[in-house]
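Visitor: Below are the chains, spelled out letter by letter.
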Amino acid sequence: MLSTDTDILATAEAWRDAGRGVALATVIETWGSAPRPVGSHLIIDQEGNFLGSVSGGCVEGAVIAEAADVIEDGKPRVLEFGVADETAWRVGLSCGGRIRVLVEPVA
Amino acid sequence: MKLDILREMNRERAARRAVILVTDTADGGQRLVRETEAEGDPLAAELADRFRSGRSGTVEAEGRSLFLTVQVPPPRLVVIGAVHISQALAPMAQATDLDVTVIDPRTAFATPERFPDVTLLPLWPDDALAQLPPLDRYTALAALTHDPKIDDPALIAALKAESFYVGALGSRKTHGKRVERLTAAGLAPEQIARIAAPIGLDIGAVSPAEIAVSVLAQVIASLRQDRRRAPA
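Going down the list, the protein sequences come from chains A and B.
With the UniProt record's numbering, the residue at position 29 of the first sequence is 29, and numbering never jumps.
With the UniProt record's numbering, the residue at position 217 of the second sequence is 217, and numbering never jumps.
The shape of chain B in the complex, shown without the other chains (with noise of 0.2 Å):
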């Protein structure tokens, strides 16, 4: 690989941008193809394909064999609500490679005593969300504030971008409530019924940990989609 290259896809995945590098393995050939750039590619069909699923494998195209190692963006976890939940899902996130924010206006929650070690935003959503990459198909939010200020702002944006994961804590009744407003403000029905309601794989949490245990089971899940056994 020639340095300039390595260069290249290290500044794309800084960017949270996707690429696809495809490599001749016979003679060691390679090029860089941006996810924009894709279309006008000869192997626009199968790069379209890649890019969709995230998964690196080989291709047969005018009698060569190509490797294409597909790189998306490193998966992350976006956290609303610096809460108990919060303080043991952010680390056990981290632990699993997910890359945390967690944000939240109400500065006597939003220390970085209660949180060590992660990105931390003392910001309202939409003011903190503007200071970070563009929400995306490879970021996961989970809301767990309880107040609608904080947490609806936060769910259109993620619903809006098609993030791979939106949770938002909360009984049935309340989330009924979040359907009544999030309709109001114009989503639509299939948009809203994306949201994980009530948060968490059933698993019977109870204390803060459990819940978070659960919420990032749930992360991963819908991550790890195509390579599950059966639906959770």
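One chain only, chain A, in its complex shape (with noise of 0.2 Å):
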């Protein structure tokens, strides 16, 4: 089943509630044809279980894994993605689109 913004701010209180390290990943800011739109969440657990998205699936690799460094340090950070990024094979958008991603602890 798809998730939607309710199931997936839910879910993060959930994950907290049963004691589970949570980060919450927001999409703040799109640049041209970006694949999910600008408030799009994404909540990753410490063990790297996770739910909803940023993209298309092109980045959330790439997002879960600084999650587990927020949810270690307890600091927020913003990451930004888009074919320009020198790691455009890895981790770029292949539709051509560049965004920026909030990444924070839920604590």
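Incorrect hints may have been included.
Restraint-style ranges between C-beta atoms, simulated for each label pair [what the hints assert, rightly or not]: (1) B/S53 x A/A107: 29 to 37 Å; (2) A/K75 x B/T96: 31 to 39 Å; (3) B/T96 x A/G57: 17 to 25 Å; (4) A/A107 x B/R55: 23 to 31 Å; (5) A/A107 x B/G186: 48 to 56 Å; (6) A/N49 x B/D24: 26 to 34 Å.
FYI, nobody ran anything at the bench for these hints, they're computed from the structure.
These figures come from a predicted structure and were not determined experimentally.
For every residue, glycine included, the Cβ atom is placed at its ideal position computed from N, Cα and C.
Join these two chains into a complex; the hints should help.
Guide: This is the structure in structure tokens:
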């Protein structure tokens, strides 16, 4: 089943209540043709379980990896992805757009 | 995000109240603003625009870059009439993430066998609507019974609540009589003109399922009005 924002934020709360470390990723800016609109959410726990999306699957892997550090040190950061990235082949957006993603701990 | 802010956002969403989360992207500092409290906020004008559009985005204020997460109530569809079209419409609308409620006082129609997995209220619209969160701008209402006694009170309630979509089944002639009744009931011509009638996008629909597609497409077209390339 597809997850709506309702499910995602409710699940984040349930994960925290179960004692899991949780990070929340939010698309805060897009340029060009980006797959998910500004405000889209992805939640990640310390085991790497996740729900939701910030792109069509292009950069989720990188966001999930960064989320582990955010849960660990409790500091929010802003990540930027796009075809202009030198890592484009690894975590770029095939659609040619660029996005900025805020990753913050839920603490 | 602090856990208590997350809890508050989830509570407000469940109660169908709009909120905006203001996040300082530099340090992660956050505060939550309810629509009722927005007027006194330093960002009042910006927040008012955002509550109207429902769009999240970044704003620069006092040398800071602030991200506004706009959380409006999830869109829902209230269907008046547990009829054949509704049996097709309810699951289709649920598949597009609309929260669906079907209302019909005729208990022969409103049975769980005919409507599995959907909120079904076998009550007159006024009584049923009193049991639900109030109709609002994030609600669509489709009146499908053909019976003025059932459809009219629901249509009046949805128009008064400025629901984003109000549609009514019936021919042009049927609708002409409806316009007369709603005018007599005290509704303004601009309010009555908001009713989509005959209901549904003109796709030549014949079967109940096809009519359901045309109604659902019209609901989505209203919901996504600001994103459309051409009027439908």
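Visitor: Decide, hint by hint, whether the structure agrees.
Guide: Verification of the hints:
1. B/S53 x A/A107: 29 to 37 Å: 31 Å, holds
2. A/K75 x B/T96: 31 to 39 Å: 38 Å, holds
3. B/T96 x A/G57: 17 to 25 Å: Between B/T96 and A/G57, where Cβ atoms are some 21 Å apart, the hint holds.
4. A/A107 x B/R55: 23 to 31 Å: 28 Å, holds
5. A/A107 x B/G186: 48 to 56 Å: 53 Å, holds
6. A/N49 x B/D24: 26 to 34 Å: Distance hint for A/N49, B/D24 holds at roughly 28 Å.
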